[in-house]
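Residue-level listing of the chains:
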Amino acid sequence: GAVVSQHPSWVICKSGTSVKIECRSLDFQATTMFWYRQFPKQSLMLMATSNEGSKATYEQGVEKDKFLINHASLTLSTLTVTSAHPEDSSFYICSVPTGNRWTQYFGPGTRLLVL
Amino acid sequence: SQQGEEDPQALSIQEGENATMNCSYKTSINNLQWYRQNSGRGLVHLILIRSNEREKHSGRLRVTLDTSKKSSSLLITASRAADTASYFCATDAYQGAQKLVFGQGTRLTINP
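One line per chain: the protein sequences are U and H, in this order. If you're matching positions, the first sequence starts at 1 in our numbering and goes up one per residue. If you're matching positions, the second sequence starts at 116 in our numbering and goes up one per residue.
These are computed hints drawn from the structure, not numbers from a lab. Just so you know, even glycine gets a beta-carbon here, dropped at the ideal spot from N, CA and C. No false leads were slipped in.
Covered stretches of chain H, as calculated for chain U (at least 3 residues, CB under 8 Å): (1) 142-149; (2) 157-170; (3) 215-223.
Cross-link-like lysine to aspartate or glutamate pairs, in silico, EDC-like; alpha carbons within 16 Å at most: (4) U:K41 with H:E120; (5) H:K185 with H:D122; (6) H:K214 with U:E59; (7) U:K41 with H:D122.
Using the sequences and the hints, build the whole thing.
In structure tokens:
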């Protein structure tokens, strides 16, 4: 069964609105979660590391005020795309490190389309 | 920035044939992993090879690692239509951290 879930699986919104994406670790607690963005036919780009109980750490070039991350509990991290624009349309994927530290379980992804 | 470069970017073969994908990276690593992504879905971990290993097998998968050339290859033997997916290599470019840096991926199509 799924280890990591994401909700919603897809969302369409108008430009200027905010969209919240949830990532849940179903089988175990996760102090760290990762958020990636993937444009069509491209690779995954790490956006930020979500840390339970502390601020997220963002990769270079990712606007922290635009992509708000909240790691509210050991099983839930949320990514909010604020004031979304068409260029934010993408596939957003979260992941949770496995017990062996090196591999990750990935969520099924959330496809965002901003009109 | 992306560390990994994969080739080919796209590969189309007949069912039953073997598929080979290559990945190159730039910095030193602790290990290298291969993941699979079905269209519009999340990634699934396939295999991990440590920097002190040269070859690893898992079912129909064979991975090689050449740290002197900073390259790895993934071989899928006796391919099936269900193997159609994108395949990504990932490295732990950030020493001691859990972050992964993904290659550009190879889109594999298996024709029945």
